[in-house]
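Participant: The sequence shown lines up with residues 1 to 327 when you count with the numbering used here.
These aren't lab readings, by the way, just hints derived from the structure by calculation.
Heads up, the beta-carbon is just placed ideally off N, CA and C, and yes, glycines get one too.
A couple of the hints might just be wrong.
What the hints assert, rightly or not - Here are the computed distance ranges between Cβ atoms for each label pair:
hint, residue 1, residue 2, range
1, 98, 325, 49 to 55 Å
2, 168, 87, 16 to 22 Å
3, 317, 250, 36 to 42 Å
4, 121, 261, 30 to 36 Å
5, 59, 321, 17 to 23 Å
6, 158, 322, 34 to 40 Å
7, 87, 322, 30 to 36 Å
8, 238, 174, 24 to 30 Å
9, 289, 196, 46 to 52 Å
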Amino acid sequence: MTTASDRARRLADELLFPAALSTDAADLVPVGNLDALAEAGLYGMAAPRDVGGLELGRASANEVIEALASGCLSTTFVWIQHHNPVRAVATAPPEVRDAWLEPLTRGVVRAGIARAGERAGPPVLTAERTGGGLVLNGEAPWVTGWGLIDVVLVAARDGDEVVRVLMDAEQAATIDVVRQRTVAADASGTVTLRFQDHPVPLARIVETEPLDAVLARDPEGLRTNGSLALGVISRCCALIGPSALDHELTEVRAELDAGGPDSLPAARARVAELALRAAGALTVTEGGRGILRDHHAQRLAREALFLLVFGTRASIRDELLSRLAHP
1 MTTASDRARR
11 LADELLFPAA
21 LSTDAADLVP
31 VGNLDALAEA
41 GLYGMAAPRD
51 VGGLELGRAS
61 ANEVIEALAS
71 GCLSTTFVWI
81 QHHNPVRAVA
91 TAPPEVRDAW
101 LEPLTRGVVR
111 AGIARAGERA
121 GPPVLTAERT
131 GGGLVLNGEA
141 PWVTGWGLID
151 VVLVAARDGD
161 EVVRVLMDAE
171 QAATIDVVRQ
181 RTVAADASGT
191 VTLRFQDHPV
201 PLARIVETEP
211 LDAVLARDPE
221 GLRTNGSLAL
231 GVISRCCALI
241 GPSALDHELT
251 EVRAELDAGG
261 PDSLPAARAR
271 VAELALRAAG
281 ALTVTEGGRG
291 ILRDHHAQRL
301 AREALFLLVF
311 GTRASIRDEL
321 LSRLAHP
């Protein structure tokens, strides 16, 4: 019986990586890539087994993410957004869970996230309660998968609380959608959403949580995004052939796995810096052809650059700057 990690590695090697250059150049990730992940059951990675999900533990989920990222970061970047909405809906009130969890698990409905309301400081996206539900005002700067997803789990601030709602991912008179063009993973369809009195019905409210609890839990998620950089490194290592980078990859993966809230920022910085060096080493190995647009070296180098800032925090940034600017 194949594991989820086995299926992810096979998809990465046989489907995602061979098409990664064309996907990288596309306006949006081909829907067929996402369909293949759904058919392999990987949209249900975080879902409970009682609705057909895999309910993977953290270590197994990280293996799946790393494997897929080694094939195509753009595709993985769209798909990885799906799992926080699945977890939220799995513990939502029965009317929300019953309506949404099973189709989300199968990947028939695909989700993204807008986490603007979960950040410290003055709110950039607010939710005001009305008789019929909520009204959203403000901005969600980074929402991935627009044009490829059906719903967005939007986190907005209501005073000292974070309210999460499941909003349709479609144009509306009360939403301004601005496409963001990124140096890598551009086919992920990342946008900024600007809300002006956007109504959300009561039936779409998934959960409410104190902001303090959200901020206290934030360090727990730092390990997951490190798997994206591990995937870039592992593909670079495979293309270079045996080298000292293989040992560094094993070391930094173990460092991430063993990391706690205090040590994870340094581990995340190390893996991001290693991705940059590995992509640079691949480019040097390939020589002049490595900087041609039809070669994987330049794509992986741009992805490594992208991952220097994606999912970062001030503590990770400071660690990275100490490595890159003050070695």
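Participant: Does the structure break any of the earlier hints, and which numbers would those be?
Facilitator: Hints 3, 4, 5 and 8 not satisfied by this model.
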